[in-house]
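Line by line, the protein sequences are chains Z and X. The opening residue of the first sequence carries number 3 in this note's numbering; numbering runs sequentially from there. The opening residue of the second sequence carries number 2 in this note's numbering; numbering runs sequentially from there.
Source of the hints: derived by calculation from the structure; they are not laboratory data. Possibly wrong hints are sitting among the right ones.
The calculated DMTMM-like cross-link candidates involving lysine to aspartate or glutamate, where the alpha carbons are at most 25 Å apart (straight line), are [unchecked claim]: (1) K296(Z) - E97(X); (2) K219(X) - E55(X); (3) K83(X) - E105(Z); (4) K296(Z) - D149(X); (5) K83(X) - D298(Z); (6) K83(X) - E272(Z); (7) K83(X) - D94(X); (8) K219(X) - E44(X); (9) K296(Z) - D148(X); (10) K296(Z) - D94(X); (11) K83(X) - D130(X); (12) K83(X) - E134(Z); (13) K83(X) - D110(Z); (14) K83(X) - D149(X).
Now the in silico label distances, taken between C-beta atoms and shown as ranges [what the hints assert, rightly or not]: (15) R231(X) - K296(Z): 55 to 61 Å; (16) Q224(X) - A284(Z): 37 to 43 Å; (17) N15(Z) - Y225(X): 18 to 24 Å; (18) F174(X) - Q111(Z): 31 to 37 Å; (19) A143(X) - M3(Z): 44 to 50 Å.
Cβ coordinates follow ideal geometry from the N, Cα and C atoms, glycine included.
One-letter residues, chain by chain:
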Amino acid sequence: MQIYLPIADLPVNVFLVLGMGLAVGYISGMFGIGGGFLMTPLLIFIGITPAVAVATVSSHIAASSFTGALSYWRKRALDVALALMLLSAGIVGTATGVWLFTELRSLDQLDLAIGLSYVTLLTIVGIMMIYESVRAIMRTRHGMPATLRRPGSHTWLHGLPFKLRFKRSKIYVSAIPVWAIGFVIGFVGAIMGIGGGFLLVPMLIYFLRVPTATVIGTSMVLTLVTMASATVMHAATNHLVDAVLALILMVGGVIGAQFGARTGQKMRGERLRLLLGLLVFAVGCRFAYELVVKPDDLYSIRYVRSG
Amino acid sequence: MRRLATMIVIAIIACGAEPAAAERLVVSLSNHRVAVTSNFVGEELVLFGTVEPEPASRSLRPPYDLVVTVTGPRQTLRTRRKQRVLGIWVNVDSREFVRVPSYLAILSNRPVTDIANQDTLRRLQVGLDNFLLPQRIGSDFADTVRDDPFRRSFLRLQTQQGLYRESATAVTFLTPTVFRAAIAMPAAVPTGSYGIEVELFAGGALAARTNSALDVIKTGFEQYVADAARDWGLLYGMATALMALLIGWFASIIFARD
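Could you put together the complete structure from these sequences and hints?
Now the structure itself:
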């Protein structure tokens, strides 16, 4: 069944898009991430322009992270104070990202910037995740506990001023790294159409020593607010959010996420991280391939204005 | 005074360029309004017409050739060219095509190059190769030579999208004076007002011409969404974000597990 997308200005098959929502939702539920880094490339692949894909996916991630955040809220597994701190910087990061997005678009370099950011970020994060999870798996093979020893309780980050205490997470850290992380996630999310969950969770664990009990819930709150505000900002400045496309994606996404979460709970943590690492790395390589290999068509057309 | 004189001269020349009246075209379009709805997958319109003598006492002089040019609302588009820079492919060069038709169909009963000579085709802008596509090059506006790589690539890409087409079979003469032309509108047809120019050729020269028009409009929900996104961007964004929250909330209620 074909449906006409009013903003993307092209007809798509409803079941194809719904299926994509389900599949990405399944993966996102399994790993506890938003799945934007998979959804945006998929939309570009079916012919939606990168700009519309990035802007629309932000609303899709807002929906799935809201479902997640609600269930963590019920389990009291999120740190509201920490989330609010991250948010105050996240919004500034998103606004900066949307501004740069608009600038790059007018310079005809948006597609390149999206491609390059995907390659750099996903290959590096993917390799780090694969390395870490393989080491954890090796350790269990040798009969040692799989979980990493929580590394030394003090790093240089703890020497920074403006220290704050986050009771629920039981951490006492400077506001500077918290703001920096919030800004980076908001910024990257607006440019790349990703929620940044797969980046934020490791950052919170390794830099701020947030315990695993509150980390995913807190990350989802941040993702929710940055993505909801990215939706509003993209709609207000670039007029690129396709509500019809977003609706189909959301419906597929939230259903898929429920089944994914069940599969995820049955799998061991380090195996799950290895799989996610491989997935992230593969998507990064796919983008690298596209940038390096000679495109089929060297020419492309971009709409400037009517009249 | 001089300006008025120039205008009169131009008017006289323009009149002189018009063909001496011997034929008249009567055309009718199957549908003047194409509605783009949520399940729109393209549409084919049919233009019917006859060749009448003008004045009625004059005799007709078949065989005739017919060219139908359909132009969509004007748009400014930028064609970009990629080049390898430091190992990766980057858009390095671009040209802006200023106020060119978003849709362009040139339909005829046989290849336009067989209908009239190159000078005539060029003057009347008949055929994709002869259609005026002004480019902005620096601060100048000009149409370039036919085999300019940007122009060629622009035509090729638009043709691939089904937005530009040249067909030498879309016009059929049912009798020597009655014809039909099939106008195919692709699924991604731009919305707006379309102009239809019908030109009749006899013996390689323009014999008569007439115009028609049609509108392509988004209707119902699609139109509403597109208008809202353009005119009330902020509100539209808030509504979309709210929709996301509602769906997320519904999902958490429906699938709540304890």
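The hints, checked one at a time:
1. K296(Z) - E97(X): Judged against 25 Å, a Cα distance of about 24 Å means the pair holds.
2. K219(X) - E55(X): Violated, at about 40 Å.
3. K83(X) - E105(Z): holds (19 Å)
4. K296(Z) - D149(X): OK: K296(Z) and D149(X) at ~22 Å, within 25 Å.
5. K83(X) - D298(Z): holds (11 Å)
6. K83(X) - E272(Z): Violated. K83(X) to E272(Z) sits at ~42 Å, over the 25 Å cutoff.
7. K83(X) - D94(X): Within the cut-off at roughly 7 Å; holds.
8. K219(X) - E44(X): holds (14 Å)
9. K296(Z) - D148(X): holds (23 Å)
10. K296(Z) - D94(X): Holds - the C-alpha atoms of D94(X) and K296(Z) are around 16 Å apart, at most 25 Å.
11. K83(X) - D130(X): Holds: K83(X) and D130(X) sit about 24 Å apart, inside 25 Å.
12. K83(X) - E134(Z): With Cα atoms ~38 Å apart, K83(X) and E134(Z) exceed 25 Å; violated.
13. K83(X) - D110(Z): holds (11 Å)
14. K83(X) - D149(X): Holds: K83(X) and D149(X) sit about 16 Å apart, inside 25 Å.
15. R231(X) - K296(Z): 55 to 61 Å: Distance hint for R231(X), K296(Z) is violated at roughly 37 Å.
16. Q224(X) - A284(Z): 37 to 43 Å: holds (41 Å)
17. N15(Z) - Y225(X): 18 to 24 Å: holds (23 Å)
18. F174(X) - Q111(Z): 31 to 37 Å: violated (51 Å)
19. A143(X) - M3(Z): 44 to 50 Å: 46 Å Cβ-Cβ, so the 44 to 50 Å window holds.
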